[in-house]
Amino acid sequence: MTIADIIDFLQFWKTVGFYKFLRFFWYAILLEFPRYVVFDMVFLIVFNIQRYLRKDAYALARHRLFNLNPLVSILVPGKNEGENIYKLSKSLKEQTYKNIEIIIADDGSDDDTPEICNDLVRNGLIDKYLRSDFSGGKASVSNLALRYARGSLVLLLDADSSFDRDAIERSLIPFYLDDKVGAVGGNVKVRNQNAGLCTTLQSIEYLKSISVGRAVASLLGIYRTVPGAFGAFRKDILDRIGGWDVGPGLDGDITVKIRKLGYKIRFEKDAICFTTVPEDFRRLTKQRLRWYKSLVRFRLRKHSDVFLPTENFSFFNFVSFVENVFFNVALDFKWFIYIVDMFYNAPSLVKYIIPMNYVLYVIFNFMQYAVVTALTERKEKESSLFLYLPLMPFYMGFYMRAVRTFAYAQEFLFKSSYKDPWNPWKVSRRVLKERL
Amino acid sequence: MKFVELNTGGPGARADEAIEVARLSEATEENLADAAIDAFIVDPSDINSARRLVKKIRSIDLEGTYLKPIFLVSQAEPDDAVLLSLADDYCEPDKIVRLMPIVNRVNRRAERFEDLRAETHESRVLDHVLRFIYTRDKSLEPVIDTSSRLGYSYPLIAVNFPPEEEHKCFGILEHAEKQGLLNGAYVDRMHLCGRCFSSFLNFRETCQKCSSSDLASEDLIHHFVCAYVGPESDFLKAEALVCPKCAKQLRHIGVDYDKPSVIYTCGKCNITFQDPKVSALCLYCKSETIAEGLIEKPVKRYSITSKGAHAAIYGTHITMRDILRIEGMVEIEVFQAFVQNEIERIKRVEKPSCLAYLQFLNFQEMYLMGAIKDKIFPEIMRLMKESIRPSDVLSYLNESTLLFLFPDTPLDGARIPLDRLRLNLVKLMQDNFKGFEPRVFVDTFIVKKDSTFDEYIKRIAVS
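Going line by line, the protein sequences match chains A and B.
Using our numbering, read the first sequence as starting at 1 and increasing by one per residue.
Using our numbering, read the second sequence as starting at 1 and increasing by one per residue.
Calculated directly from the structure, the hints in this document are not laboratory data.
Hints are supplied without guarantee of correctness; some may be wrong.
Stretch by stretch, here's where chain A covers chain B in the computed footprint (C-beta under 8 Å, at least three residues) [as the list claims (entries may be wrong)]:
id, stretch
1, 224 to 231
2, 247 to 260
Here are some chain B residues the structure puts well away from chain A; computed CB gaps all over 12 Å [to be verified]:
id, residue
3, I47
4, Q208
5, L220
6, A238
7, I271
8, D275
9, A309
10, N362
11, F377
12, V462
Treat the numbers as computed from the prediction; the structure is a model and nothing was measured.
Note that CB positions come from ideal geometry on N, CA and C, so glycine has one too.
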């Protein structure tokens, strides 16, 4: 690319005019910009106003929490997580909220996890170690832990997570702010941010889509996935819905089930948890294929009744689903139509459109990241990531889009989530047969 | 040949031309020690009386008595493993002449035996055992004996100890095997109470928290379709299994559901858990120990080795030197050379050096005492190592005496660490062996320029 090319590129867009520009980028300007950039900016303002207005109510809720001091059961399902459990138990003992019972649920580990956990029980670092001798999937061991949990509130954590000292306290306060809150999602951030390009890009993605994205969704009343790495639930509600159903995607599924009962789901930006993300693109692709397939399986199949005007119809659940499906599935397929449209109708202009498209998304990313930086409690650490923002359109727009589309297609056509080795075959086979 | 009947009313055994059968009016130690007796005859019809007599003979600490053949004379083979193990053979009353070859072989082999030098009871017992199995060409068999608190017993050794000390047989046999005197072949494994060495243990699963054995166990059920997991009682509805979450009936294990584990509920403190502690209640001393805290011992059948046969003839004794191997230890000749060099050096530079000794008189007795000894010796070696510097020289003067050379060290510089070592050793052993009084002595001398090594050795011998 020469300077002449750049001048030519700028000259072209100078002469195009607004309407033609809109013709080329209507979906970005009319849909994605408002949803992901404007909303974020509005949220930044609303969040600060709301925080100011609710300051006293928040302090009162915190007071109620510590006054009532409910027992909180911390459930940690996992397989072969022995070496993480010790660190986790130490991290939990540092929490400001102390009335907790730690229950480790082992999904048939075949390493030294049982020895480690039994030792931790003997030494009082964990309260209960429950073991399934053979793997039954994450949902089943989570339910096993739930069955023997004694707390009135339940926290579900990943074994490889670690927490800010006040994370548990923060995740519990929303229950005392509003009695209709059924579950609270914590703010999951990336611990291994500097392990490589793959984890750095995921860090930015998490900050945008979780720290800010879910906060916006929560404010709009359409927050739909309490993360499995850090989520708080009312025990009576979990008992009522029978705990978790077979995954993958059980985090989103259980959130929808709680929403359907009429409870609110909240995101707590200041309940900070760090988790380890895949360090190479091969593993990341595998993880995301599983996540994206679950959107089709749960939103479009299992919970498709949300779209129907039944007696249990809820406007917010409807909007939540429509927003999710529209921005993830519909726009995803639309992108391919758009590419074909461009190549078919304006093949000579593609060399101007695609770079401009990239430039637009880089600008969007910088704007979104400005909101992230304004909101984060770790400004120094996270603002340094802005250098990588120019790579994000490629990461999200091309790589993630390809993975997502492939996952949707696989799930639509072959129901391939049922064959995912993430669940044991004995379980998947029955679930598929029962068409669940 | 003279056979003596011990517990029959009259001559139960029929005499023969070659065998005179007599009856002993009273089985006192003095009577039993009569050198003219070639073998004893015991009537096993009263098992208790027979056992008492046989045990008494085998426990007498006289060469000419404990080794003598004992025969059980009865119409049928006696049904008592302990008795059979202590006796040489059994026969019908009119066939005692068949026993003569046994007597002859024992006597022939015993003729070669030299006087024993063993100082302690345990080492004398080992000598007796070696001599017994050497003269009989038998192996030492463990027998199941419910009257012994060990459960498995080596009667030949057990007769030498009161019942509460019978476990000492393991120390003796382990040592003999380690020294290559006996060869052990695995028979079984036993667990003993860590407090009283009884094997009469009631093993049971107990609560992790309160140690109660009042536990109820239930299978956990995993319903595949809805991922519900809970105890079987959650699913039981009349005779059927019905999932409490999705109300589906569970019909087929492996297809609809599985049982991934078992869960226990404590009847006392009501906690639930999956990994109960296995603990053992000792039926003798009533102490409760977790399984890992029990003493585990292999039960072996022992046969004598050629080294053991040699030891049977000439005697064996355990020395401190055999067991304690300390880094930097030198042979006595080398040690002597070091001392001579030191004397020469002192002549030139006039800086004092010290020579010291540590004597542990009843080391052998301690060695044979108990199950914890293997943990003690590394500790003793550590204490000794800590008391010396790399420049100090160590050697064994004899089996119970250690020599130390502290070059370029004043008297206090040697005496203080050595006294501390003595105190630590005594304390260590008193803490670990109940009732054992260690006899450890130390003394320190200044090496003088006009002295010789032999003079010091003489001084040590005198002191």
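Against the structure shown, which of the earlier numbered hints fail to hold, in ascending order?
4, 5, 7 and 8
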